[in-house]
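**Q** So the chains spell out like this:
There are 2 protein chains.
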Amino acid sequence: MADKAQLQEAIKTQGEVVRKLKSEKASKEQIDEEVAKLLQLKAQLGGDEGKHVFVLKTAKGTRDYNPKQMAIREKVFNIIISCFKRHGAETIDSPVFELKETLTGKYGEDSKLIYDLKDQGGELLSLRYDLTVPFARYLAMNKITNIKRYHIAKVYRRDNPAMTRGRYREFYQCDFDIAGQYDAMIPDAECLKIVYEILNELDLGDFRIKVNDRRILDGMFAVCGVPDEKFRTICSTVDKLDKMAWEDVKKEMVNEKGLSEDVADRIGEYVSMQGGQDLAERLLQDPKLSQNKQACAGLTDMKLLFSYLELFQVTDKVVFDLSLARGLDYYTGVIYEAILSQTIPALVSTPAEQNGADEAGVSVGSVAGGGRYDGLVGMFDPKGRKVPCVGVSIGIERIFSIMEQKAEASSEKVRTTETQVLVASAQKNLLEERLKLTNALWNEGIKAEVLYKKNPKLLSQLQHCEETGIPLVAILGEQELKDGVVKLRNVVSREEVDVPRADLVDEIKKRTL
Amino acid sequence: MADKAQLQEAIKTQGEVVRKLKSEKASKEQIDEEVAKLLQLKAQLGGDEGKHVFVLKTAKGTRDYNPKQMAIREKVFNIIISCFKRHGAETIDSPVFELKETLTGKYGEDSKLIYDLKDQGGELLSLRYDLTVPFARYLAMNKITNIKRYHIAKVYRRDNPAMTRGRYREFYQCDFDIAGQYDAMIPDAECLKIVYEILNELDLGDFRIKVNDRRILDGMFAVCGVPDEKFRTICSTVDKLDKMAWEDVKKEMVNEKGLSEDVADRIGEYVSMQGGQDLAERLLQDPKLSQNKQACAGLTDMKLLFSYLELFQVTDKVVFDLSLARGLDYYTGVIYEAILSQTIPALVSTPAEQNGADEAGVSVGSVAGGGRYDGLVGMFDPKGRKVPCVGVSIGIERIFSIMEQKAEASSEKVRTTETQVLVASAQKNLLEERLKLTNALWNEGIKAEVLYKKNPKLLSQLQHCEETGIPLVAILGEQELKDGVVKLRNVVSREEVDVPRADLVDEIKKRTL
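Going line by line, the protein sequences match chains Z and A.
So the first sequence is numbered by the numbering used here: it starts at 1 and just counts up by one.
So the second sequence is numbered by the numbering used here: it starts at 1 and just counts up by one.
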C-alpha cells in the first residue's frame, strides 16, 4: 500500500485533472474515465470511516441501457423482427460463451480481441465474437442442412471502444441467414431485399447497398498480376477505399504490401468501376477478366443476381462496386454492405480509428453487411460436409445511436411505459377505492398505475402523468363513488367527463387505441 | 502427447462405454458427455489425414434453443412482458459482465459459483450472477431513487447443472422491481398481484404463493432463544423445510448447528403455522412474539399486506407461512415464493440435489420468488444512501421446461414461423412470376415464402407448407397468369379458389386473421 501522503497528493492532482476536463467541456466519456481513476485512488485511501468505496461504473466499453434507450431499442427490434418474420424466418439462440476451440482459427488477426473466461477448473471458454460462427457450429452439431433463421444477441470484442460513435465492446448483432443447397442467387437476392426493407422502414434517410463477389475480386487480382499468397492482404487494403483516397491505398499496396506500381495501377482501374447489370455484362467481355474462370463465374452470378433484384424492385439502391472487399476470411461468393448517405457528425470516424473494423464487422459508415460463406459449416463437420450459407448482419448499434440522436433532436418525448390510465383521487382516505379500481382495470387488461401513497396530492398525480406521458386519469372522489361514476380526465386537454363505472373500460380502450 | 497405441486403446475402451450407455438407454445428457470424451480422444489422435477434429458441443450446463423452443420462449415472454407493462413498468438492460468488485460480498457462500473472465490486461470482470445486484449498482450509479422496472436477461452460475430438470449454468432471469420510498406494503402487494396474474395466464395449473417476513423470522429466532450470530445459518436450515421433514431439519439444527433440543422444538412450533391475516393477528397476541419489536413490525405489515391482497383479489392463493425463509442475505422485509401444485415427474429433484439453490435462486419446485431488500442499493452508494426496493423474479427456465413438456405431450404442432402464404407453381419456367408475386405480397406486409428453386415440384411445395404449418398456397400457372388470377389453396382442407390479383392481399388477410 502506498504512503498516505503520497496518495493524498495523487488524489489532489487527479482532482485537478477532472476539474480541468470539466471546465474544458471534454467528452463525458473522457471525464468519466478520469473520475473513475480518482475514485480508485480514493478507494485506496479508504473512504469515510474506513468504509469500502466502490468504483461505480460498468466495464470498459460497455453501457447500461436506460428506459428511454430501451424504448428506442424495442422499436428498432420490432421493425427488424417483423421484416425477418415476413420473410418466413425462424429464430434460434445460443449460449453467450462457446468452447474456446470453436472460435479458434475463424477470425484471423482479430482473434486477439476475443474475451476468454478464466479457467476455474473446467472447460476453456470464450465469449462469442459474432453470431455466424455459433450458427455454423449449431448447424454442424445438429446436422441441419436447411434453415432460414434470424438471431439477435450480444457479441463481445476487446476492441478500442469509441462509445460516442456507437462502438462498444458489448454490442448487439442482428443476423439473418439462409442455409441450404438452392438455385443460384435466389436466397442472396432475398437477403438484399431484406436490407432494403429494413433501412426503408427505419427511415434513416437515403442509402446505398454496394455488392461485389469474392470470386470477382480474386479473379481481378489474378489478372492484374497479384501473387496468390497476397490476395487476402491486398483484399484488406482494397477494403479501405471507402475511407481512404486511391492514392493512399496505392501507396500501401506498393510500399507496405510490395506490389509493383504497374500491378497496383491495374487494380486501380478496376476498383474505380461501379454499375449494375450492365457493368457485369461489360466485364464479361473484358479481354483479361473473361479469361479467368473465377471472375466469369462471379460475373455470371452477378448478372443473375441483378435480374432478381429487378423483380424485387430494389435496383434503385443497389450498386455493383468492384472496390467493395470486406475483411472477413470466410466469404466465398457475393458480398454486400449498406451505407447511409446522410452523415451524422458524431458518427463520422476520426483518422485514428480508420484502421479498426467497426462493431458490426462492417466498415465505418455502413449499417449492414454480409455475404455468402459456403465453407464455414464444413469446418465444423467431422466429415467436412458443406452447407452453403448466405446472410446479412444489421449494424444495430449504429442504428440505435442515430435513432437516439433523432429522438434527442425531436421535440416529441419518448415514452418509456405504455400506461393508459392513472387511478387518482383529490381527496384523502381513498387508497382502498383507488386500489380496487386499479385492480378491476388490470383484470380487464387495461394498463393502469396508481401512486403508492396513502394520500397523494392531486397535483403530484397529474405531474406523474405529464412526466411519463400517461394520457388519461381516472379520478375518484366521494361524490363519484356515490354516483357510481369515475371522472375521466384527458391529461393534455384537461377536459373531464363523468363516466359510469360500467363503461369505464370501453371508454379507456376507445381513447387509447 | 500420449503414445499412439495407448490412445487407440483408450479410444476403444471409451467407444465401448458409449455403446453400453446407448444400449442401456441412458440419458441423452450422459451419453453426450461420454461421446464428447471419445471425440476429444480422437482429436488427440488426429482425424482423417491429420485434419483437426472439433468437439462439437456447447459449454457444460448450457444449451442452444432450437426454433421450436424459441417459439415457446417467445410465447412465455410475451405473457410476462404484457403483465409487467400492464403494471406500468419500464425496462432497462445492463452488460453481461460487471467489475468483479461489484459482485464481491453480495452472495455469501455462493460467490464461488461466479464466472470470472480472464485478465487479458484490463479490468477484473465477472459474468453477472443475478439481475438484482446490477440493478442496485445501476440505481446508485445514476442516483435514481424511484423506478418501476423489469429486466429479462441471462445470468451465469458455475453450479452443477441438471439440465433435464431445467437447471442450467446459463439461464434467463425475469425480474420486476419497484424502487422508492413509499407507503408500507402497497408496492409489495403489487408484486404478489403480478406473480398471481402471470402464473394464471401461463396456465400451469394450481399454485400457492407463500409469504413471510425476515423480521418475523428474526423475531421468532430471538424469542425461541437462538443466539444472534446463528440467525442466518438457522434461517437456511429452516429454508429446507419444503424439501425435508421437520425431524431432519431439527436434527440439522441440533447436531450440526448446535442448538439445544428445546430451542429447536420452540422453532418447530412456529414454523408449522400457516394462515392469512387471521394468523398475523393471532401472532400479534402471542405472549412471546408480541414482546419482540422486530416481529411486531413484521406482523403489523403482514396484516396490512393481506388487506391489500384482499383488494387485489389474490388471497385464495396466498398463504402466510412461517416456514418460508429464502436463502439470500439481502432481504430485509417481506419475502415470498410461488409453488406449482402439480408436480411434473422430470422436474422433481433427486436427493443429491436438495442442498443446492436452484437456477432462479428459488428452491426446487418453486417458479417465482422475491422480497424486500432495503439495504442493497446503499451498499453501492458512496454516502450509503438507501433506496428501499421490493421485487420478484420469475423462474422462467422451469416454466420453459414445463411448457416444452406440455407441447411435447399435446398433439398440436408448435409453429416456428408465421408465414401466411407460400407462392407456388405447378409448371416450369415460372420462377420470375413467383418472385414477382412474392415481392408484391412482401410489399403489402404479407408474410410470404417462395422456394429457392427454379422449378420445384408442386408436391414438395405443398409438403413444405404441411411441415411448417403455412395455411395457404398461392398457385400460379399459365392459365392463371392469362386470367389475372391466383389459385388460392387451403393447405388443410385442400379447397382451391381463383382469386383476382387485385383481391389477393385482402383475401389472405381475411383468411389468416
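Keep in mind the hints are simulated off the structure, nothing from the lab.
There's no promise every hint is true.
Identical chains blur together in the list; that is why a pair holds if it fits in one copy or across any two.
What the hints assert, rightly or not - List time: in silico DSS-like cross-link candidates among lysine-lysine, alpha-carbon distance up to 30 Å:
hint: 1; residue 1: Lys317; residue 2: Lys454
hint: 2; residue 1: Lys482; residue 2: Lys240
hint: 3; residue 1: Lys12; residue 2: Lys143
hint: 4; residue 1: Lys100; residue 2: Lys482
hint: 5; residue 1: Lys230; residue 2: Lys100
hint: 6; residue 1: Lys386; residue 2: Lys428
hint: 7; residue 1: Lys406; residue 2: Lys85
hint: 8; residue 1: Lys251; residue 2: Lys143
**Q** Which numbered hints does this structure break?
**A** 2, 4, 8
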